[in-house]
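Under my numbering, read the sequence shown as residues 1222 to 1604, first letter to last.
These are computed hints drawn from the structure, not numbers from a lab.
Quantities reported herein were computed from a predicted structural model and do not represent experimental measurements.
For every residue, glycine included, the Cβ atom is placed at its ideal position computed from N, Cα and C.
Watch out, some of these pointers could steer you wrong.
[What the hints assert, rightly or not] Cross-link-like lysine-lysine pairs, in silico, DSS-like; alpha carbons within 27 Å at most:
id: 1; residue 1: K1307; residue 2: K1512
id: 2; residue 1: K1278; residue 2: K1247
id: 3; residue 1: K1368; residue 2: K1345
id: 4; residue 1: K1264; residue 2: K1365
id: 5; residue 1: K1307; residue 2: K1472
id: 6; residue 1: K1507; residue 2: K1472
id: 7; residue 1: K1294; residue 2: K1368
id: 8; residue 1: K1294; residue 2: K1345
id: 9; residue 1: K1441; residue 2: K1368
id: 10; residue 1: K1345; residue 2: K1278
id: 11; residue 1: K1264; residue 2: K1307
id: 12; residue 1: K1294; residue 2: K1365
id: 13; residue 1: K1345; residue 2: K1293
id: 14; residue 1: K1278; residue 2: K1365
id: 15; residue 1: K1531; residue 2: K1472
id: 16; residue 1: K1278; residue 2: K1293
id: 17; residue 1: K1365; residue 2: K1307
id: 18; residue 1: K1390; residue 2: K1472
id: 19; residue 1: K1530; residue 2: K1507
id: 20; residue 1: K1478; residue 2: K1264
id: 21; residue 1: K1512; residue 2: K1536
id: 22; residue 1: K1336; residue 2: K1293
id: 23; residue 1: K1507; residue 2: K1247
id: 24; residue 1: K1502; residue 2: K1264
id: 25; residue 1: K1247; residue 2: K1512
id: 26; residue 1: K1502; residue 2: K1536
id: 27; residue 1: K1293; residue 2: K1390
id: 28; residue 1: K1247; residue 2: K1390
id: 29; residue 1: K1293; residue 2: K1307
id: 30; residue 1: K1293; residue 2: K1247
id: 31; residue 1: K1536; residue 2: K1604
id: 32; residue 1: K1264; residue 2: K1278
id: 33; residue 1: K1507; residue 2: K1533
[Said to hold, decoys possible] Pairwise CB distance ranges, derived in the manner of DEER restraints:
id: 34; residue 1: D1594; residue 2: D1257; range: 50 to 58 Å
id: 35; residue 1: K1604; residue 2: K1478; range: 39 to 47 Å
id: 36; residue 1: T1425; residue 2: L1525; range: 26 to 34 Å
id: 37; residue 1: R1584; residue 2: L1535; range: 49 to 57 Å
id: 38; residue 1: D1588; residue 2: D1369; range: 35 to 43 Å
id: 39; residue 1: P1316; residue 2: D1474; range: 35 to 43 Å
id: 40; residue 1: D1260; residue 2: L1525; range: 46 to 54 Å
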Amino acid sequence: MSEAKAKAGLQDVVAGDSSICLVDGKQGRLVYQGYDINDLVGKTSFEEVVYLLWYGKLPNVSELAALDAELKKNREIPSDVLELVKALSNSQANPTGMEILRTAASYLGTVDPDKSMDHETHIKQATKLVSMLASITAAIGRFKQGKDYVAPRHDLGHAANFLYMLTGKDADELSVEAFDVALILHADHEFNASTFTARCTVATLSDMYSGVTSAIGALKGPLHGGANEDVLRMLMEINSVENAASEVQNKLDNGVKVPGFGHRVYRSYDPRGLVLKRYAKQLTEKVGETKWYEMTEITEGVVLEHFAKKGKDLKYNVDLYSGSLYNAMGIPVELFTPLFVISRVSGWTAHILEQYANNRIIRPVADYVGPVDQSFVPIEERK
1222 MSEAKAKAGL QDVVAGDSSI CLVDGKQGRL VYQGYDINDL VGKTSFEEVV
1272 YLLWYGKLPN VSELAALDAE LKKNREIPSD VLELVKALSN SQANPTGMEI
1322 LRTAASYLGT VDPDKSMDHE THIKQATKLV SMLASITAAI GRFKQGKDYV
1372 APRHDLGHAA NFLYMLTGKD ADELSVEAFD VALILHADHE FNASTFTARC
1422 TVATLSDMYS GVTSAIGALK GPLHGGANED VLRMLMEINS VENAASEVQN
1472 KLDNGVKVPG FGHRVYRSYD PRGLVLKRYA KQLTEKVGET KWYEMTEITE
1522 GVVLEHFAKK GKDLKYNVDL YSGSLYNAMG IPVELFTPLF VISRVSGWTA
1572 HILEQYANNR IIRPVADYVG PVDQSFVPIE ERK
């Protein structure tokens, strides 16, 4: 059996070189362009991390100001795009936020008049996508709730503006900080399914919008995105702090997978999960709604103890506590996976830029396991 066949899903197969992100599964580390995530959280903004991912270094004051100005300039949703998003959000087909985002990303590429394939154009497109997809996600959230669109503001940072566009009011300082941190933590994660999909797409020299649209399509799948939604939906189904332990244990005893645990790469803890747990505790206490956090903590204890008895050292991942955190910000559960998009688009575009810079079409091989040397039979003689 070949090595590739032995590693289903290409697990541990090296598919290329990248300087953007290191995921150290054994040590539980996440590193962007040489910076440990714990050295960035609380010290940098999401905008700084976007610059870091694209340019390989943290920006100085003037470089950050220039990027910030470009991001703010691209916050306004063009009228035709806004009408498309509104129509889809109110459609009887009831498309999900991810389906609407996928369509909107593709449409943005269709109406962009600049089809150049030079680096300067790609940076402009990346900037537009980071800014615009955040505004579109907020608009989807408004329309899905039957509310009017809230126009962006240019005096707010990226995280604060998104929360304002979604809720129609200024978010408190802790919510803005926590959301900014969540954006940083989800910004990139090496060659995950959606990122690799984006690189495969643009390796054909297709455009950046196609790469991001492909990535959104990959993230839409429940095996890649959506676990944070599943966590909160499970808690809402239980809906009781008192019954949480017994209900979760019952699921485990019946072989039901509890979302928010384990990871394809991390063999120790997920460093992102540790940070989000801390912010979830702080924010739920501040807003006076600790129910979902308490239930999450109970879930963590039950699941870890259950698997410890089986000799398995299972850890929770980034999705477990993000549900109670986002809920405390007033974000509806239907937007949890789209939130992933508005963060990860920074990483997708960084990988697209890196792929363009040293491109070769991605064309792996497969171990053929089908029949060979079959004899042709004319159709009239086939049984």
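*Any of the earlier hints contradicted here, and which numbers?*
Violated hints (numbers, rising): 1, 3, 4, 5, 6, 11, 14, 18, 19, 20, 23, 25, 28, 30, 31, 33, 36, 37, 38, 40; every other hint is consistent with the structure.
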